[in-house]
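Residue-level listing of the chains:
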Amino acid sequence: MHEVEIAVAIAVATLRAATPLMLAGFGELITERSGVLNLGVEGMMLMGASVGFIGTVATGSPILGLLLAMLAGAALALVFGVLTLSLMANQVATGLALTIFGVGFSALVGVNWVGTPLQGLSTDIWPSLSTAPPMVQQLMLLDPLVWVAVLLPFVVQWFIYRTRAGMILRAVGESSDVAHALGYSVLRIRYFAVLFGGAMSGLAGAYLSLAYSPMWSENMVAGRGWIALALVVFSTWKPLWLALGSLLFGFVTIAQFQAEGLGLALSPHLLAMLPYIATIVVLVLISRDATRLKLNAPAALGRPFHATA
Amino acid sequence: MNTTRRTLLGASLALPAAAMLPRDAAAADSFKVGFIYVAPIGDAGWTYQHELGRKALVAALGSAVTATYVENVPEEGADAERVIRKLATDGHKLIYTTSFGFMEPTLKVAKTFPKVKFAHCTGYKRAANVSTYSARFYEGRYLTGIIAGRMTKSNVIGYVAAFPIPEVVQGINAVLLAARTVNPNVTIKVVFVSSWFDPGKERAAADTLISQGADVVMHHTDSSAVVQGAEEKGVWSFGYDSDMLRYGPKTNLTSVTMDWDNYYIDQTKEAIAGTWKSSDTWGGLKSGMVKLGPLNTAVPDSVKAEVAAAQAKIESGALLPFAGPVKDQSGAVKIAAGASLSDGDILGMNWFADGVQGKLG
Amino acid sequence: MRLSLEARERPARIMTWASPLLAAVGSVIGVSILFAALGRPPLTALYVLFVAPLETLDGLAELALKATPLLLCAIGIAIGCRAEVWNIGAEGQFTVGAICGGGVALALGGGGAWWLLPLMILAGIAGGMAWAGIAAFLKTRFNAHEILTTLMLTYISIQLLGYLVHGPWQDPDGHSFPQTKQFEDDALLPMLIEGTRLHVGALFALAAVPFGSILLGRTMMGFRIRTVGAAPAAARYAGFSRNGVVWFCLLLSGGMAGLAGICEVAGPDGQLTPVISPGYGFAAIIVAFLGRLNPVGILFSSALMALLYLGGEGLQVSMQLPIAVTGTVQGMLLFFLLGADVLINYRVRLRPARAVAGVARHA
Chain A
63 MHEVEIAVAI
73 AVATLRAATP
83 LMLAGFGELI
93 TERSGVLNLG
103 VEGMMLMGAS
113 VGFIGTVATG
123 SPILGLLLAM
133 LAGAALALVF
143 GVLTLSLMAN
153 QVATGLALTI
163 FGVGFSALVG
173 VNWVGTPLQG
183 LSTDIWPSLS
193 TAPPMVQQLM
203 LLDPLVWVAV
213 LLPFVVQWFI
223 YRTRAGMILR
233 AVGESSDVAH
243 ALGYSVLRIR
253 YFAVLFGGAM
263 SGLAGAYLSL
273 AYSPMWSENM
283 VAGRGWIALA
293 LVVFSTWKPL
303 WLALGSLLFG
313 FVTIAQFQAE
323 GLGLALSPHL
333 LAMLPYIATI
343 VVLVLISRDA
353 TRLKLNAPAA
363 LGRPFHATA
Chain B
21 MNTTRRTLLG
31 ASLALPAAAM
41 LPRDAAAADS
51 FKVGFIYVAP
61 IGDAGWTYQH
71 ELGRKALVAA
81 LGSAVTATYV
91 ENVPEEGADA
101 ERVIRKLATD
111 GHKLIYTTSF
121 GFMEPTLKVA
131 KTFPKVKFAH
141 CTGYKRAANV
151 STYSARFYEG
161 RYLTGIIAGR
171 MTKSNVIGYV
181 AAFPIPEVVQ
191 GINAVLLAAR
201 TVNPNVTIKV
211 VFVSSWFDPG
221 KERAAADTLI
231 SQGADVVMHH
241 TDSSAVVQGA
251 EEKGVWSFGY
261 DSDMLRYGPK
271 TNLTSVTMDW
281 DNYYIDQTKE
291 AIAGTWKSSD
301 TWGGLKSGMV
311 KLGPLNTAVP
321 DSVKAEVAAA
331 QAKIESGALL
341 PFAGPVKDQS
351 GAVKIAAGAS
361 LSDGDILGMN
371 WFADGVQGKL
381 G
Chain C
957 MRLSLEARER
967 PARIMTWASP
977 LLAAVGSVIG
987 VSILFAALGR
997 PPLTALYVLF
1007 VAPLETLDGL
1017 AELALKATPL
1027 LLCAIGIAIG
1037 CRAEVWNIGA
1047 EGQFTVGAIC
1057 GGGVALALGG
1067 GGAWWLLPLM
1077 ILAGIAGGMA
1087 WAGIAAFLKT
1097 RFNAHEILTT
1107 LMLTYISIQL
1117 LGYLVHGPWQ
1127 DPDGHSFPQT
1137 KQFEDDALLP
1147 MLIEGTRLHV
1157 GALFALAAVP
1167 FGSILLGRTM
1177 MGFRIRTVGA
1187 APAAARYAGF
1197 SRNGVVWFCL
1207 LLSGGMAGLA
1217 GICEVAGPDG
1227 QLTPVISPGY
1237 GFAAIIVAFL
1247 GRLNPVGILF
1257 SSALMALLYL
1267 GGEGLQVSMQ
1277 LPIAVTGTVQ
1287 GMLLFFLLGA
1297 DVLINYRVRL
1307 RPARAVAGVA
1317 RHA
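Residue numbers (the numbering used here), protein chains in the order written: chain A, 63 to 371; chain B, 21 to 381; chain C, 957 to 1319.
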């Protein structure tokens, strides 16, 4: 029985750890599917974390806080969009600059809210908790954003492969010139994708500051934006793989803590390498099939588009 | 825009900025003190306590002192040394470097600026113009160990730690030894998160320890995430660095807090008066550098009395937290019966006492 | 009427110089508004940010010291980017270079041998190359994307360094703190200017500029790199090996990052600690693009980036502004610089709305 309890605890903790990665990852996946590489995820997440926290404390409404966080993420993404889409600045460099800006600006905005206590997001979304078995209760106590993250891969999968809008998005990412020739407004579609990515990053940041560890503190995203970026490449831009990758990454981190708590004798530094080594190994396994990878990678990724033809 | 630092720091910084330019003589009549912080002030932990000390200094000495800080200075030779030099060349007469990693840079700069005084926190190398100071955090930890030993039902204490350095190891051993004086069955599970500040990881590590049966959790990292996690799961917690009761009103039993105010005020006064001498300060409960925050009402009166008695004995020197007999994890005797550890041995502590589950190195 | 961008037939030479000036004007206005909003006199703040660090010899030496690792890493990254090889893990190669060179210093230092420093430098370069070589192998053998592998390898290298300084390489007299012994004097790079911290590593960085320019502009390898990057189909037709270029670019940029790493620890640091680089490898990516992937341009952009760090510290010391402001200001400045470069390849035209489509079609 004890083993089952630990297994459920690991499952719950893995889901929670994977949620911010999935939220930000799916935003970035859509952005990259349109052919745009935005490395500023960390900065946008921090803006979302900061503004989401402030918004929730100031308005008393977590829903409003989450919306404000998405707006803040999208606002930063808009700066990125203007620079890279309209002014055709290099996407890699602009994304990195966006992170520098986001780290600084989120701290500037949030300075008066450091140390403010906040009740986390409500978990009372299911009725009649007390009658359920304890295991199920554990799962039902997960906060609503986790459920959003769990549903997201299927929604995004459906959107990309089954809807007309998804088809256009892929076309723009695959060959912007062809999409343009077919009469689609490449820039407008990319702007939408970039803004969506920013909003999702903002949401992911707000998950950290409102639910995962309810507080605001400078730099609290602590590198998760970079992990989300890595996971998008790792997934070869496929939604279900992204979900799997996020869960795997979350699991390896949690499993490492569990192993330490159980007294397994391994250097914490060597243990901390495990998630990264695992990511490389899985990447190698799925990238070996070169043709499959090529089919998925947006061919126009990172290339600016200017309507000249 | 009301989010500026100035509104936080009060009038002392409302001086016209031009007057603070290095070449301007206007700043010369107030004694310039510099602080180097390793993290942003907003980390709510270690650096924040030093910033409170700086504010207390400004409040105490008023316009007689100008206290500058530089935050988020990487613990990396090239950057730290430059920032310390910059403060020294800009006319700062006394410079506090508040993290272990600033030790070598502090000493290097001190060599080039023999007239400037330096104080380095948590290091062990001194010079004619370099003092060291630190706090016996483990004395506060010892008191929390007594409470933890009394409050635990599962006899498992969870400990979320950043890195296996002596300062952290001291705290873990102190908690174990204290808890076993009141409850011999206590064990400690340690998880290292390999980061001083990552609220998400700290929280996940606490959840893990709780799922493995810990009903008391504590942390040696810089955020309040562990305390918040414990509140949500309904297990006891202890805070660190600053009072964290507001993050866990029901379950946070107390916090071990650091108070640098008096050290900064006294040292600065001595420097202004010209009586400053290089010294090594290692303050504990007695000097008030380490304090126990307010106790939660959940702590029974009998335990409160026990804690108060232990605190009085530590302050008087009658109780030494690291007194034998103590064995390490392998069963080797580290402190013989009747003996106690010297300060040097405590400073270099690199073993876990028997009863700690976790791995060093 | 609407604004539109129109492609130039060839890049405008004048704009390669005018666009940074335009960006400077834009960012001065933007940054001034920010300073004013924070209640600081903008002119004083700008002076502290851009001029004060350059006023003394010591300041200039510090600028060169800070620019050295950025320059070395950025030139390597830029050469890779020309071939569309995205090495974003210079940070990791920097770290492994420092570990390998530092390991030599710890093992053999103190003997006074003339070959110690050269051996350390070679070990540093080899370490960086080996670390990047892993990514090159995974890319050419398994098709694993180097953006991801180099980033993951960076995290691994930082943990490796942590393991070494907390474990086997820890200073036995260091009270169990995570650090190695101080390097012996014979394992430290000689100083260039007495009284400052500028060491000979700056010369390596300076030499990397003509090296990079000649490699890209005058050699067969440079031609291959540019062809593979700009016209992959033509490169295939010409029989250029894509894999060969991947290996070359990653080994070269890894070696240069490793050199930067050993120069940092054998220069200002003098020992290995858990944190060696405050993000040089990542900042170098921005530096590379600000310098338009051109070694000479990177010389200027690395100096600018270093100035931003130094000036940012000045803002904290002299103006009592928090570090958050520094990041915000740096970000704004980079936005303006990156955005203004559009003028090199495009001109802005004000046109009646309906004419735009026509121009676009016939251009």
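To be clear, the hints were calculated from the coordinates, so they are not data collected in a lab. Just to be clear, a hint being listed does not mean it is correct.
FRET-style restraints, in silico, Cβ to Cβ [claimed, not checked]:
#1 A:V212 / C:F1256: 48 to 54 Å
#2 B:N370 / C:V981: 55 to 61 Å
#3 C:G1123 / B:P345: 25 to 31 Å
#4 A:R226 / C:R1303: 32 to 38 Å
#5 B:S298 / C:R1097: 56 to 62 Å
#6 A:A340 / C:R964: 47 to 53 Å
#7 B:K324 / C:G1151: 32 to 38 Å
Quantities reported herein were computed from a predicted structural model and do not represent experimental measurements. Cβ coordinates follow ideal geometry from the N, Cα and C atoms, glycine included.
To see whether the hints hold, each was checked on the structure:
no. : hint                         : result
1   : A:V212 / C:F1256: 48 to 54 Å : holds (49 Å)
2   : B:N370 / C:V981: 55 to 61 Å  : holds (57 Å)
3   : C:G1123 / B:P345: 25 to 31 Å : holds (29 Å)
4   : A:R226 / C:R1303: 32 to 38 Å : holds (36 Å)
5   : B:S298 / C:R1097: 56 to 62 Å : holds (59 Å)
6   : A:A340 / C:R964: 47 to 53 Å  : holds (48 Å)
7   : B:K324 / C:G1151: 32 to 38 Å : violated (60 Å)
Consistency with the previously given hints fails for number 7 only.
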